[in-house]
Amino acid sequence: MKFDLHIHSCLSPCASLEMAPGDIVRRALAAGMGGIAITDHNSAMNAPAMAARAKAAGLACLFGLEVQTAEEAHTLALFDTPEQALAMTEWVYAAMPKRVNDPDTFGDQPILSAESDEDEIADLEWRILAMGCRRTIPETSAKAHELGGLYIAAHIDRPNYSVVSSLGAIPTAPDGTPYFDAVELSRTANEEEWLPKAEGYAVTRSSDAHNLDDVARVWTEADISEFTTAELKRAFAFRLTRLSPRLTRF
Amino acid sequence: MTIKEVAEKVGGKIAVDKPGAEVNFAYASDLLSDVMGHCGDESVLITIQNHLNTIAVCTLAGIEIIVICHDRPVPDDMAAAAAREEVAIITTPLSQFAASIALSSLPPSAK
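Protein sequence lines correspond, in order, to chains A and B. With the first letter of the first sequence counted as 1, position 238 gets the number 238 in my numbering; the numbers rise by one all the way through. With the first letter of the second sequence counted as 1, position 64 gets the number 64 in my numbering; the numbers rise by one all the way through.
Bound conformation, chain A alone (with noise of 0.2 Å):
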């Protein structure tokens, strides 16, 4: 099974507009994938919007924001109900900071509506989704386990915001005990440069899609025989995870 595990809705700011969930929806099952992850800044309001567009269309899906942690590194948090992925918002929410977006600055944040067929506008987020929370990636590890999911480093790859280029190196536990169950590659990490560097983890590569034409262009496969944080864990402790190539240019 093929799937893509970082999509942003038109809910993050820098996200392109026509990013609605029944068009994401579309665009995935045209690629092959047999499943997705929508993963928001900071926020998963577009999860029940695409709960519902996802079961429409009979595709599976996870649901799942990309926290900006204290450390300004971006780290996924992936469920398999939208009520999880809301639960992890509420807590990252609780330490945003108080100032409301500008959408002339940053971009608009719509959240769309679940009850409605199609894809509208139910309210705006006035959270400014484009900054960080001070949650580090220790208490944000911790807190996505807590909730039943997974906990993926973004990119690892990127000159900005990812573990290695605000720490160094992937972090663990004091003990050695790893804060991710996966690394993720982006679309044009050259593997041979970056498997060592992720060694002791299993890998995913997936789109990071901001508009509908980068949806699955890179995909992570794996033999599992549904696409659950269940099934996804168990292919990570194994590393049954398998790369698509990567793009050569961005």
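What the hints contain is simulated information worked out from the structure, not anything from laboratory work. Just so it is clear, CB atoms sit at the ideal spot from N, CA and C, and this is done for glycine as well. Incorrect hints may have been included.
[Stated by the list, open to error] A few chain A residues facing chain B, derived, Cβ under 7 Å:
id : residue
1  : N101
2  : T105
3  : F106
4  : G132
[To be verified] Partial list, computed: chain B residues near chain A (C-beta under 10 Å):
id : residue
5  : M36
6  : H38
7  : G40
8  : Q49
9  : A56
10 : V57
11 : R72
12 : A79
13 : E85
14 : L106
Assemble the complex: chain A is given as a structure, and chain B must be docked to it using the hints.
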């Protein structure tokens, strides 16, 4: 201190100009949440954060000029946002510490 003086002191190149830009304070940090929390307006920010979000933080904090250290490249989207938001960018081969020394006649920025 004018933008031209800042560029001269750090031996840098003006990547995005803002004619007439002047600063009265300086702040050095690579953590944008720290910049947002502590840097006041009329400031020059010394950083290696060559990222679009740096511009957004500058508009919130009232930062006039960014000095990007180690000659890190300015991505196109960052340059475009800087031009739009009227934030100047100077690139310098200096480190953050060396650039701070070069601009040490400016008082520290604070909120």
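Status of each hint after checking the structure:
1. N101: Where the cut-off is 7 Å and the nearest Cβ of chain B is about 10 Å from N101 (chain A), the hint is violated.
2. T105: Where the cut-off is 7 Å and the nearest Cβ of chain B is about 5 Å from T105 (chain A), the hint holds.
3. F106: Because about 5 Å separates F106 (chain A) from the closest Cβ in chain B, which is inside the 7 Å limit, the hint holds.
4. G132: 5 Å, holds
5. M36: 7 Å, holds
6. H38: 13 Å, violated
7. G40: With a minimum Cβ separation of about 16 Å from chain A (threshold 10 Å), the hint on G40 (chain B) is violated.
8. Q49: Because about 7 Å separates Q49 (chain B) from the closest Cβ in chain A, which is inside the 10 Å limit, the hint holds.
9. A56: 5 Å, holds
10. V57: Where the cut-off is 10 Å and the nearest Cβ of chain A is about 8 Å from V57 (chain B), the hint holds.
11. R72: 8 Å, holds
12. A79: The hint is violated - A79 (chain B) has no Cβ within 10 Å of chain A, the shortest such distance being about 15 Å.
13. E85: Holds: closest Cβ of chain A sits about 7 Å from E85 (chain B), inside 10 Å.
14. L106: 25 Å, violated
Hint compliance for this structure: hints 1, 6, 7, 12 and 14 are broken, all remaining hints hold.
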